[in-house]
Every structure is written in C-alpha cells, then in structure tokens.
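Which chain is which? The protein sequence lines are V and C, in order. Taking the working numbering, the leading residue of the first sequence gets 1, the next gets one more, and so forth. Taking the working numbering, the leading residue of the second sequence gets 117, the next gets one more, and so forth.
No wet-lab data here; the hints were simulated from the structure. Take the hints with a grain of salt, since some may be wrong.
The list that follows gives simulated cross-link-like pairs (lysine-lysine, DSBU-like), each with its CA atoms no further than 30 Å apart [claimed, not checked]: (1) K103(V) x K180(C); (2) K157(C) x K71(V); (3) K57(V) x K71(V); (4) K130(C) x K94(V); (5) K68(V) x K180(C); (6) K15(V) x K157(C); (7) K57(V) x K171(C); (8) K182(C) x K57(V); (9) K15(V) x K130(C); (10) K71(V) x K180(C); (11) K5(V) x K180(C); (12) K58(V) x K180(C); (13) K94(V) x K180(C); (14) K58(V) x K42(V); (15) K136(C) x K5(V); (16) K136(C) x K15(V); (17) K42(V) x K182(C); (18) K171(C) x K42(V); (19) K68(V) x K58(V); (20) K136(C) x K57(V); (21) K68(V) x K103(V); (22) K68(V) x K130(C); (23) K57(V) x K157(C); (24) K94(V) x K171(C).
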Amino acid sequence: QQQVKQSPQSLIVQKGGISIINCAYENTAFDYFPWYQQFPGKGPALLIAIRPDVSEKKEGRFTISFNKSAKQFSLHIMDSQPGDSATYFCAASKGTGGTSYGKLTFGQGTILTVHP
Amino acid sequence: GAVVSQHPSRVICKSGTSVKIECRSLDFQATTMFWYRQFPKQSLMLMATSNEGSKATYEQGVEKDKFLINHASLTLSTLTVTSAHPEDSSFYICSARDEADTQYFGPGTRLTVL
Numbered sequence: 001q002q003q004v005k006q007s008p009q010s011l012i013v014q015k016g017g018i019s020i021i022n023c024a025y026e027n028t029a030f031d032y033f034p035w036y037q038q039f040p041g042k043g044p045a046l047l048i049a050i051r052p053d054v055s056e057k058k059e060g061r062f063t064i065s066f067n068k069s070a071k072q073f074s075l076h077i078m079d080s081q082p083g084d085s086a087t088y089f090c091a092a093s094k095g096t097g098g099t100s101y102g103k104l105t106f107g108q109g110t111i112l113t114v115h116p
Numbered sequence: 117g118a119v120v121s122q123h124p125s126r127v128i129c130k131s132g133t134s135v136k137i138e139c140r141s142l143d144f145q146a147t148t149m150f151w152y153r154q155f156p157k158q159s160l161m162l163m164a165t166s167n168e169g170s171k172a173t174y175e176q177g178v179e180k181d182k183f184l185i186n187h188a189s190l191t192l193s194t195l196t197v198t199s200a201h202p203e204d205s206s207f208y209i210c211s212a213r214d215e216a217d218t219q220y221f222g223p224g225t226r227l228t229v230l
C-alpha cells in the first residue's frame, strides 16, 4: 500500500514537445506529492509539488495534474528542452503525525531524453 | 531555495574500514533529516529518519549497527558506515525537512569500497 508506480520508464521527446510522466498511488493517506529532477551524479532537486486540495498546479513550464478519485498524478513539461534531459521521480508522503510523517515514497523514475 | 550540503562528495575506502558522511542544512534548521541509498539506475530507498536529539528510526532491513546515524544539531546529521564492504558501495543521499515540511536533498556521496 506504500507503493508509488511511475510510468513510463523512459521517454524520448523532441525539442519543443510536451513530456508527460504519470504516477499512481494506493495509500489514500498520502497528502503531499512532489516531483524531483535528478541529473547523473547529483542529488534530486525539487521541481514542483501539489497537495490534494487542488487538481492542478503550474510553475513555469512544469504542471502537475492531480486526480484524487483515480489516485493518480502526472507531470507535464511544456516546450521540452535538451537541458530537461534527466531522470524524474514522483514521490508521495503523509503529512500527519506518526512514524510515517514526512517519509517520501518514490516512484521508480523516468529517464527523459529531449532531442534537439 | 534551501541548500543542503554533503561531505565528502566522493570517498573510496578499503574493506573493513568505517566511513563518515556529513549532511548539513546551510540556511535553515532541520529537526528531521533523512538518509537514502540509491543504486545505479534505480530509485531512492529510504534507509533511516534522523531526528535531532533522539535516536534514528531505521527502515525494515537496514542494519542500525552498520549504519550509525547521529543528529547532533539542527543543521547536522552524520551517517557512519561501519566495517564497510564492497556491497555497501552506493550513492548515499541525505535530505532535510524545513518548517514547511518541504524536503531538500543534498548532492549525494559516492561511496566505493574496495
């Protein structure tokens, strides 16, 4: 019930295209859903995050769409650029107290390649 | 955004030795830090939760006597890999949680045990 399933495993997009990465979760107690970008040999960097009280959040070229009833959320990268080529991880955590408070459960990751 | 540093960024050691990795939150206080392990082309796996002033909480399957965690202050947590073996070679990443419950990750430490 702690799993977060991410797809696709890899994605190739042309420059200027839209990159879409999907995640699905099972635990309805999750209430914080961040996306991280990781370059080889570096730590993950927070891109954008959403809480279940909204269905969409946009920051620049990055948009999270959230479907609470379906327990799914997705990352859309508009106008994808070669510099966006990286591994993207979705994650989820529970915000209330208890031993699981704040622990992030990560998806399996998506390797995005944007061709010039 | 908030900055988390790790030291060293890369370490090579001989089998049987111990290695200490430091995680610091540079511009905020973190009562909670997390330690992750990441194998090549895989996701991050949470090893333990480090709470300032108290014992760390380890995930199932993580040996607490092998991976010693100390959270001595609100800006510093350390992970010591004791009696390291080649199978401990991995990328170790810490994160620190700020008052808004946002987790910021360090740049990672590449450990290679010969």
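- [ ] Verify the proposed pairing of K182(C) with K57(V), using a straight-line Cα cut of 30 Å.
- [x] It is violated: about 42 Å lies between the C-alpha atoms, which goes past 30 Å.
- [ ] Starting from K57(V), check that the Cα of K71(V) is at most 30 Å away, please.
- [x] It holds: about 16 Å lies between the C-alpha atoms, which stays within 30 Å.
TODO: Measure nothing beyond the straight line between the CA atoms of K136(C) and K15(V); if it is 30 Å or shorter, mark the hint as holding.
DONE: The hint is violated at about 42 Å.
- [ ] With a cut-off of 30 Å on the C-alpha distance, tell me whether K94(V) and K180(C) pass.
- [x] holds, 24 Å
Open item on the list: Against the 30 Å threshold, does the CA-CA distance of K15(V) and K157(C) hold or violate the hint?
Closed with: Distance of about 24 Å is within 30 Å: holds.
Task: K136(C) paired with K57(V) [C-alpha distance capped at 30 Å] - done: Violated - the C-alpha atoms of K57(V) and K136(C) are around 40 Å apart, more than 30 Å.
TODO: Would you mind confirming whether the straight-line C-alpha gap from K130(C) to K94(V) stays at or under 30 Å?
DONE: violated, 39 Å
TODO: Mind checking the alpha carbons of K171(C) and K42(V) for me, to see if they're no more than 30 Å apart?
DONE: holds, 28 Å
TODO: Compare the distance between the alpha carbons of K71(V) and K180(C) with 30 Å, and conclude whether the hinted pair is satisfied.
DONE: violated, 34 Å
Open item on the list: For a C-alpha distance cap of 30 Å, please report whether K42(V) and K182(C) respect it.
Closed with: This hinted pair holds, its Cα atoms lying about 25 Å apart.
- [ ] Take a quick look at whether K94(V) and K171(C) sit within 30 Å of each other, Cα to Cα.
- [x] holds, 21 Å
- [ ] Decide if the proposed pair is consistent with the structure: K103(V) and K180(C), CA atoms, cutoff 30 Å inclusive.
- [x] holds, 18 Å
The structure does not agree with the numbered hints 4, 5, 7, 8, 9, 10, 12, 15, 16, 20 and 22 stated previously, though it agrees with the rest.
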